[in-house]
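Asker: Sequence lines, in order, name chains B and U.
For the first sequence, our numbering gives the first residue as 20, with consecutive numbering after it.
For the second sequence, our numbering gives the first residue as 127, with consecutive numbering after it.
It should be emphasised that the hints constitute simulated quantities derived from the structure, not laboratory data.
For every residue, glycine included, the Cβ atom is placed at its ideal position computed from N, Cα and C.
There could be a bad hint or two in this list.
Unchecked claim - Derived DSS-like pairs (lysine-lysine); straight-line CA-CA distance at most 30 Å:
(1) Lys495(B) x Lys264(U)
(2) Lys120(B) x Lys264(U)
(3) Lys639(U) x Lys120(B)
What the hints assert, rightly or not - For the chain B half of the interface with chain U, some residues (derived, Cβ under 7 Å), not all of them:
(4) Glu123
(5) Arg124
(6) Thr170
(7) Thr173
(8) Cys205
(9) Leu545
(10) Ala592
(11) Gln593
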Amino acid sequence: MPLWTRLHRRSAPAQQLGGSLFFSWLFPGLFPGLILGLLSGCQPRGAVPGQAASAATPAPYSATARGPLPTGVNNAPGALLYSETDLRRYLDELMANVALKRVERLSVAVEPGEGPEEAHPKLYSPRLRENVDPIEAHFNAGEEFFEAELTTFTGYGDGFSNRYRQTHRVHSGAHGGPDSTSCRSCHHRGGDDGAGEYNENALTAGDGHSAFAAQERNPPALGGGGAIQILAAEITAELRKRVSAPYKDPIPVNLTVQGVDFGDVTLFPDGRVGTDKLTAIDPDLVVRPFGWKGTHSTLRRFAEEAFQVHHGLQSEALALRRTVFGTELFGASAATRAVLSQQGDGPPLDPDRDNIINELSSAKLQGIATYLTLLPLPVIDPPRSPDLLAAWRDGGAVFSAVGCASCHKPMWSIKNPVWTEHGDDEFTRTPLVLDLRKDIRNGPPLRNLDIVVLDYPVFIFSDLKRHDMGPELADKYPGPSAKAPHAGDRGSQGSAEKPIPSSYFLTRPLWGVADSGPYLHDGRALTLHDAIVQHGGEAQKAQQAYLALPAQKQRALQVFLMSLTRQALPEVAQ
Amino acid sequence: VSFAAMSKMQAAKAVVAAAVSVGTLVLGGCTRGPRQPVQQVVPVYDVGQRSLQPQDVLAEARRTIADRYAKRERRMREIWEPGSLWNYLRVEQRDIDRRAVTLPTLLDIGQELFTIDFGTAQGLGNGLFARKNPIAGKSPAPNLRHVQGHEFGGPDATRCVACHHTNGLGGAGFMIDNTFLDGDGEHPDGALARNPKPLLGAAVLQQLAAEMTEELRAQATAAARSLKPGQQQPLLAKGVSFGSLGMSDRGRIDFSGLRGVGQDLVVRPFGWKGTTATLRQTIVEALQQNLGIQAEELLQVQGPLRAVLLGDGPPDDPDADGVTREATEGMVTALTTFIASLPLPVEEATEHSTYAMQLGRGAELFEKIGCASCHVPELPLQNPVVTLGPTVSSGPRLDLSPLLTPAGMATRQKTVRLYSDLRRHDMGKELAEPRNYRGVGRSYWLTPPLWGLSASAPYMHDGRAGSIEAAILMHGGEAEPAMKAYNALQSDEGAPLRLFLQSLGRPQKLEFKP
Chain B
20 MPLWTRLHRR SAPAQQLGGS LFFSWLFPGL FPGLILGLLS GCQPRGAVPG
70 QAASAATPAP YSATARGPLP TGVNNAPGAL LYSETDLRRY LDELMANVAL
120 KRVERLSVAV EPGEGPEEAH PKLYSPRLRE NVDPIEAHFN AGEEFFEAEL
170 TTFTGYGDGF SNRYRQTHRV HSGAHGGPDS TSCRSCHHRG GDDGAGEYNE
220 NALTAGDGHS AFAAQERNPP ALGGGGAIQI LAAEITAELR KRVSAPYKDP
270 IPVNLTVQGV DFGDVTLFPD GRVGTDKLTA IDPDLVVRPF GWKGTHSTLR
320 RFAEEAFQVH HGLQSEALAL RRTVFGTELF GASAATRAVL SQQGDGPPLD
370 PDRDNIINEL SSAKLQGIAT YLTLLPLPVI DPPRSPDLLA AWRDGGAVFS
420 AVGCASCHKP MWSIKNPVWT EHGDDEFTRT PLVLDLRKDI RNGPPLRNLD
470 IVVLDYPVFI FSDLKRHDMG PELADKYPGP SAKAPHAGDR GSQGSAEKPI
520 PSSYFLTRPL WGVADSGPYL HDGRALTLHD AIVQHGGEAQ KAQQAYLALP
570 AQKQRALQVF LMSLTRQALP EVAQ
Chain U
127 VSFAAMSKMQ AAKAVVAAAV SVGTLVLGGC TRGPRQPVQQ VVPVYDVGQR
177 SLQPQDVLAE ARRTIADRYA KRERRMREIW EPGSLWNYLR VEQRDIDRRA
227 VTLPTLLDIG QELFTIDFGT AQGLGNGLFA RKNPIAGKSP APNLRHVQGH
277 EFGGPDATRC VACHHTNGLG GAGFMIDNTF LDGDGEHPDG ALARNPKPLL
327 GAAVLQQLAA EMTEELRAQA TAAARSLKPG QQQPLLAKGV SFGSLGMSDR
377 GRIDFSGLRG VGQDLVVRPF GWKGTTATLR QTIVEALQQN LGIQAEELLQ
427 VQGPLRAVLL GDGPPDDPDA DGVTREATEG MVTALTTFIA SLPLPVEEAT
477 EHSTYAMQLG RGAELFEKIG CASCHVPELP LQNPVVTLGP TVSSGPRLDL
527 SPLLTPAGMA TRQKTVRLYS DLRRHDMGKE LAEPRNYRGV GRSYWLTPPL
577 WGLSASAPYM HDGRAGSIEA AILMHGGEAE PAMKAYNALQ SDEGAPLRLF
627 LQSLGRPQKL EFKP
């Protein structure tokens, strides 16, 4: 029996009540394994008698107080956010990193071209000299690349316009801008690799000129992407398994995984899969958790598109494949094919005509993908003051009660938290095996302190499905979608490609939501309250239930959402 | 947009520069009541420490974490008890003046105001669309947009730190953070792109510029009395030449010999084109143009400009979003005080022996090839006391000496190492814009102070240069000889110079990025 089935049998009462395991955590009596977690010291500090602060003056964790650091919820309720030892190790690494970067900056000044933008896991760089571990090397190269100011010497921009650096704030279709000169320039809100501000919205799919003709996209926070990537792959594998069995007659099959109904398909004896009724995921049954509309299944391909549209750095692997297969690359997502078709009309290896080839090598992508996969997971960090803590508990219950949790599914289980990053060419032939249990950087690894459940719970607050969000939130244009598969991947089924309707969006994972305002795909909601109220379509019922609540309950819900945050580890701005 | 309204805006633009300088005079000229006592500035970062010291990192981390939890809880409480935080932030100038608000509290408020998101409840944006006002464009309140509409502005951001964040609070912005000034509200290409400038040392710049203005005006007054028709007199402030004043044959003062400063002889160190003289005025304008937050003191603008700059709403709410007193005088004071208390940039030393030897040589090269003729390394500062309130008699009056006192020294430095002459120069065709801005010529730019250079990439007014070297090579016009001199150097000959420029950084500390 698959582990997730066991899990659900155990939590049946919780499911009836709140539709998710999460509910059982708020009412711990329902789930024995989690009680142990709670008993073993998961009580937030503010709740401990004697240390509780008065309601009037919120007294947070005090610098002078001894004892363990603040507790909260990491990937499992009751897990320490980080220990004293974790903090010391983190600070040691941080200081070493700061010192290295300082030397690096000076060495770049002396010899331009030896800089971070040359970051390449196989190449010499001051930082890499100290590292031999391939994962460490790839992570560090990815980090350097993420933080580097990209210049025309390494392929920034394209050769289509004579403007200096060819920067266009408004994108031209899927070709993009470029509109920014580094990854971090749009991912910094709330901390490194965070979200973007309203003024950093990408103006995508536009005409290159008018800000109003474009579709706005607010940069999402990146932490925890590795876990989501693994989870989506596990769901996809499960869905594929469901449709791979041979049948004699056309047979309807329901695709429910871990309590989430991904829709119904029909299996035909000749191997075709009828996916007409499928709206939550693409017809190829691949769960694509990245992008506001759910357009990419891996961080690698997601980053590849971002480099194209935001920086004009073209993927070498894509350019090569295009010369062989054309723009209809088999197995590629619709978003990747859109990028392929808009790379430009230049020579095969330099489609954007800027006279730079090999702008984004497979090795660099390997570094970036490793980096993104191993970023720390957001946490649930409850408030300390007793009155806020009570509100927080109340808010968690409201979250399930009004129906938020039916799409923003609080918890998923990952069976095997290991991601294998495959390269695109022979230079990156050796895959990197990234284990979230030990390889996560800059924060605690994925843990499961629960002695009953063997899987790894991740509190992402999303069902990873697409939903109709109503006409108010709808985009100007529909999004790309993939073709339906043949059962068991035996070639293309040839069904008509249908685009993602303009009002459909992926359920945004809410972990880390406290640090990622402004909210919704275009940052139109400036507060959590606005964000909730602007939900429409399938979320209308929950939105109305929220509006019907007394103000205290509404606020309690927002207090709860404010606890979905990054772990409290300080950084050094540089 | 009606044609009449358009031409009105065009006309208005020409007068804006004048309006701004009038504002400055009002700020500087009005006295009421006794002056405030001088207080020592409390630096936001530990300036004695200058940069991150590894030995007490754990203690520092604990302090920072405690502070993070306190601030986070405060924001949660604002949700739970609406107003609990914003009422604290809406500080009144009269409470600052009677010192009911202490300097540390004022700093805390200023820092929070700098990092918190303004919302529609606080007056973000405008509701002019409902009034069918063309300056609002096509969108209803709060009318967030990425391109500003003429001199009225956006709003194009929700908080200060959204654009001033690289390398720490009050830093510069990335290229994506560029603001598009004086546009049509829709097309970035037609607007003037401006990369957010770093804010460190802003109060020192203001004070330097004020002293230079005073010097220039004294010389002009003397010249008006003593010059005979046909005579000329050079104008110098802190050793920087601002051209000359002449007397025409008809006995009128001839301003045509002026260089790098307007006819009012006010040295304006803020804005890429040197268009604002005080930090406070800069903040008031940014609040309006970037956030749509209308400061109380901005509402004093009257006359035909008012509707164009502020909107045509009710007298106490010109941007018609239903929120009055969006930023009180006290809030602007708090923001000003916070920015004034940011540490000055530093010149990093390096333990790395290879590099240490080259640093000194780089500084020499900087002088030798001519960079230092505009990027003047240091200017003397006579009086380190600045008044940051809305009038000269209001508080706080801050003594900036602690910012200027190096670690281990008892007294402050007499000079400020800012690497700028605080005047405008013709930078040539390549850097010129399609049109003048606030009366400043297309190709004229203020010499940006180079202190903190390595922490403020990308470079040039629109962030077009990704590296220091690229920035050097883009210099034209008056700077062309120096650029050519650099270009003539071999790569290894130029290395010390680049290294020296790279050493111009800012203090670092452990922090939670906002």
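Asker: Work down the list of hints and note, for each, if the structure agrees.
Answerer: Here is what the structure says about each hint:
Proposed proximity of Lys495(B) and Lys264(U) is supported: the alpha carbons are some 16 Å apart, at most 30 Å. A hinted pair counts as satisfied when its Cα atoms are at most 30 Å apart, and Lys120(B) with Lys264(U) does not qualify at roughly 46 Å. At roughly 18 Å between alpha-carbon atoms, Lys639(U) and Lys120(B) fall within 30 Å of each other, so this suggested pair holds. Annotation: interface hint on Glu123(B) violated; nearest CB of chain U at approximately 11 Å, more than 7 Å.
Proximity of Arg124(B) to chain U holds as hinted, the smallest CB-CB distance being about 6 Å (cut-off 7 Å). Of the supplied interface hints, the one on Thr170(B) holds, with its beta-carbon coming within about 4 Å of a beta-carbon of chain U, less than 7 Å. The criterion of a C-beta within 7 Å of any C-beta in chain U is not met by Thr173(B), whose closest approach is roughly 10 Å, and the hint is violated. Below 7 Å, beta-carbon pairs count as interface contacts, and Cys205(B) has one with chain U at about 6 Å; its hint therefore holds.
Given the 7 Å rule on beta carbons, the hint for Leu545(B) holds: about 5 Å separates it from the nearest Cβ of chain U. The interface hint given for Ala592(B) holds, since its Cβ lies 4 Å from the closest Cβ of chain U, which is under the 7 Å cut-off. At about 6 Å, the closest approach between the beta carbon of Gln593(B) and any beta carbon in chain U falls short of 7 Å, and the interface hint on this residue holds.
When the structure is compared with the earlier hints, violations turn up for hints 2, 4, 7 and for no others.
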